[in-house]
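This is what each chain is made of:
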Amino acid sequence: MTTAERTDTFWRRVRQFRSARAGWIRVACYASSIVLLLGVWQALGRSFGVLFVPFTTTMSQLWEMLHGGPLLPALGVSAKLYGVTLAIDIVVGVAVGLVLARMKLIGAALEPYVYVLYATPTIALVPFISVMFGFEFWSRVLVAVVISIFPILLGTLEGARSLPRQHLDVAAIFGSNERQLWRDVILPYVTPYAMTGIKQSIALAMVGTLVAEFFLNPDGVAAVLLQGTTIIDSAWVLAVTVLVAALAVVLVGIGELIERYLVRWRRTAVG
Amino acid sequence: MAAHGGRVGPSGARQAGWWKRALTPERIAPVVAAAFLLAVWEIYVRTQLPSFVATPSGIVMAIPATLAAPSFWFDAGESLGSIVMGVAIGTVAGILVGVAMGRVREIDWFLSTYIRALYALPLIALVPLVILWVGYQPEARLTIVVISAFLPVAVTTADGTRAIPKDYLDVGRMFGAKTHHVWFGIALPTALPHIVAGIELGFARGITNAIAVEVLASVKGMGMSVFEKSGQLNENASLVYVLALAIFAVTIRTLMIRSRRWIAPWYSR
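Chains A and B supply the protein sequences, listed in that same order. Going left to right, the first sequence walks through residues 0 to 270 as numbering that gives the first Met the number 0 numbers them. Going left to right, the second sequence walks through residues 0 to 268 as numbering that gives the first Met the number 0 numbers them.
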């Protein structure tokens, strides 16, 4: 057997092994990546000292902060802002999207500005909003909404605009009135488009909440994070960051589940 | 010019004047809407709010003075330079990691937990941590922009290179393509439209996060100036900066959309 043939068989074996044991390899990859990260984190934390604490210290810090610490009340404050923001995003975003799509003239009048505002880094508008509307709860909501509403609005707009003419014609032939038309034709057709936007807005509303809390008199989770940087306590900052990351993964996961459920009848078409 | 009257076109048919065709309701509407909104803003501020609050006329008046100040150009150079550089670094790293994830399942399984968790995380939450590690320095801004661009580019590249049609691979194999040919000769070009979409997202997030770092870490730049000018009750100048940032963002977005059409004319979103 020549060397070339030997390497050839070797790679064929590797390929066979990879496909035959795919399930096991997958679990092994996920497990080893988590173990490796925690191990490296722990090891680095031990040698680095103050600026990068080990995983175990971070977790005990998180435990402490959640039990009687500042974190739970702060989470409540942030959750309220987040919930109100997302609710307004969905209601106003879908409504405005539908109006812009179904009323041609208003759509033509406002659409360019919607796109410009969407492309603008809205975080830069925070000082302006605070001067106009103050630093209180509804001003925070406004900041968060401006940051997170556009995916829903534009998703709904695109969906409603792409509604095929035939759908409306068929509905008209069957004599559906305005209410039936919306309930049975337009809303079901637009749902997947809106849902794609809602999924993005679920993530963006977190950004909006944090921006509002960071920049309009610190409050909520963001204030706790800032407190950690001021006292240069890396365990503190790491603990809160890990918690926010976990929450983000859960929220985005929920968004994906809802989308999959609402769009189940259309999965093949959406791809 | 004969078409001016609308009736004497060469064909003799009913031909609308060029101005009639140009001035369709759809074209007039945005202008009317803008005029209306600006007027409401101007009047509301003048009658209801203190005089330092920005008005459209005030912003226009503030443009020459703001642009004449050398600090504006210093800020623009600092912020935009760091954003462009950060996105460039993040894009290269994201493409390399993304192609590896897209083409080798095991690498995808190994890395996807972290890449996707970080991708879901609002990166603004990382700003305090980065400031703590990197310091109250311009490098903190660069770091955040690099991460902001790396994640979307890695994710879109992985998605794009994973889903290449089997035919392409078969043809490549037949012509004796080596692994690196498949990666960079077949998978990467196929994924280009996805990658451009990732870069676009990276820019959008990078700009936002760069501003966040500037304000939270007191790093000099355009975002810092927006907040600083506003704090000095110089609202009009503050909004000139916002306008400049918006123009930058819209320009980048337009360039990205153009380049996607140019790179991949067959691809439409």
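Since the hints were derived computationally from the structure, they do not count as laboratory data. Some clues are possibly wrong.
As the list claims (entries may be wrong) - Computed Cβ-Cβ distance ranges for the label pairs, DEER-style:
| # | chain 1 | residue 1 | chain 2 | residue 2 | range |
| --- | --- | --- | --- | --- | --- |
| 1 | B | A33 | A | L167 | 28 to 34 Å |
| 2 | A | V39 | B | M60 | 45 to 51 Å |
| 3 | A | V262 | B | A162 | 41 to 47 Å |
| 4 | B | W261 | A | P187 | 34 to 40 Å |
| 5 | A | Y112 | B | F174 | 40 to 46 Å |
| 6 | B | L95 | A | E255 | 46 to 52 Å |
| 7 | A | T6 | B | T253 | 28 to 34 Å |
| 8 | A | W10 | B | T253 | 45 to 51 Å |
| 9 | A | I253 | B | Y43 | 51 to 57 Å |
| 10 | B | K177 | A | A86 | 51 to 57 Å |
| 11 | A | A86 | B | H179 | 48 to 54 Å |
| 12 | B | F174 | A | I231 | 54 to 60 Å |
| 13 | B | S258 | A | V39 | 17 to 23 Å |
To be verified - One-sided and incomplete, this derived list gives chain A residues near chain B with beta-carbon spacing under 8 Å:
| # | residue |
| --- | --- |
| 14 | S32 |
| 15 | V34 |
| 16 | G44 |
| 17 | P53 |
| 18 | F54 |
| 19 | A108 |
| 20 | A118 |
| 21 | A222 |
| 22 | L224 |
| 23 | L225 |
| 24 | G227 |
| 25 | I257 |
| 26 | Y260 |
| 27 | L261 |
This one's a predicted model, so the numbers in the text were calculated from it and none came from an experiment. Beta carbons are placed, not taken as given, at the ideal position from N, Cα and C, and that holds for glycine.
Cross-check of the supplied hints:
Between A33/B and L167/A the beta carbons are some 31 Å apart, a value that agrees with the proposed interval 28 to 34 Å. For V39/A and M60/B, the hinted distance range of 45 to 51 Å is not satisfied, since their beta carbons lie about 56 Å from each other. Remark: the range hint 41 to 47 Å for V262/A to A162/B is contradicted by a beta-carbon distance near 19 Å. Roughly 37 Å separates the CB atoms of W261/B and P187/A, a value that falls within the hinted 34 to 40 Å.
Between Y112/A and F174/B the C-beta distance comes to about 51 Å, which lies outside the given range of 40 to 46 Å. Checked against the hint of 46 to 52 Å, the pair L95/B and E255/A fails, with Cβ atoms roughly 27 Å apart. In this structure the supplied range 28 to 34 Å is violated for T6/A paired with T253/B, their Cβ-Cβ distance being about 50 Å. Range check, W10/A to T253/B: Cβ separation about 47 Å, and the 45 to 51 Å hint holds.
For the pair I253/A and Y43/B, the beta carbons lie near 40 Å from each other, so the given range of 51 to 57 Å is not met. Remark: the range hint 51 to 57 Å for K177/B to A86/A is upheld by a beta-carbon distance near 54 Å. A hinted range of 48 to 54 Å for the beta carbons of A86/A and H179/B is consistent with their spacing of about 50 Å. The hinted range of 54 to 60 Å is satisfied by F174/B and I231/A, whose Cβ atoms lie roughly 59 Å apart.
The given range of 17 to 23 Å is broken by S258/B and V39/A, whose C-beta atoms sit roughly 38 Å from each other. At its closest, the beta carbon of S32/A sits 5 Å from a beta carbon of chain B; the interface hint therefore holds under the 8 Å criterion. The closest approach between the C-beta of V34/A and any C-beta of chain B is roughly 11 Å, which is over the 8 Å cut-off, so the hint fails. For the restraint placing G44/A at the interface with chain B, the shortest Cβ-Cβ distance is roughly 13 Å, beyond the 8 Å limit, so the hint is violated.
This hint is violated: P53/A has a C-beta 15 Å from the nearest C-beta of chain B, more than the 8 Å allowed. Taking 8 Å as the C-beta cut-off, the interface hint given for F54/A is violated, the closest approach to chain B being about 14 Å. The interface hint given for A108/A holds, since its Cβ lies 4 Å from the closest Cβ of chain B, which is under the 8 Å cut-off. Hint on A118/A holds. Least Cβ distance to chain B is approximately 5 Å, under the 8 Å limit.
Proximity of A222/A to chain B is violated relative to the hint, the smallest CB-CB distance being about 11 Å (cut-off 8 Å). For L224/A, the shortest C-beta to C-beta distance to chain B is roughly 4 Å, which falls under 8 Å, so the interface hint holds. A hinted interface residue such as L225/A counts as satisfied when its beta carbon comes closer than 8 Å to some beta carbon of chain B; here the least separation is about 6 Å, so the hint holds. The criterion of a C-beta within 8 Å of any C-beta in chain B is met by G227/A, whose closest approach is roughly 6 Å, and the hint holds.
Violation of the interface hint for I257/A is found here, the shortest Cβ-Cβ separation to chain B being roughly 15 Å, above the 8 Å cut-off. A least Cβ separation of about 19 Å between Y260/A and chain B goes past the 8 Å threshold, and the interface hint is therefore violated. Because the closest C-beta pair between L261/A and chain B is about 20 Å apart, greater than 8 Å, the hint is violated.
Taken one by one, the earlier hints fail for this structure at numbers 2, 3, 5, 6, 7, 9, 13, 15, 16, 17, 18, 21, 25, 26 and 27, listed in ascending order.
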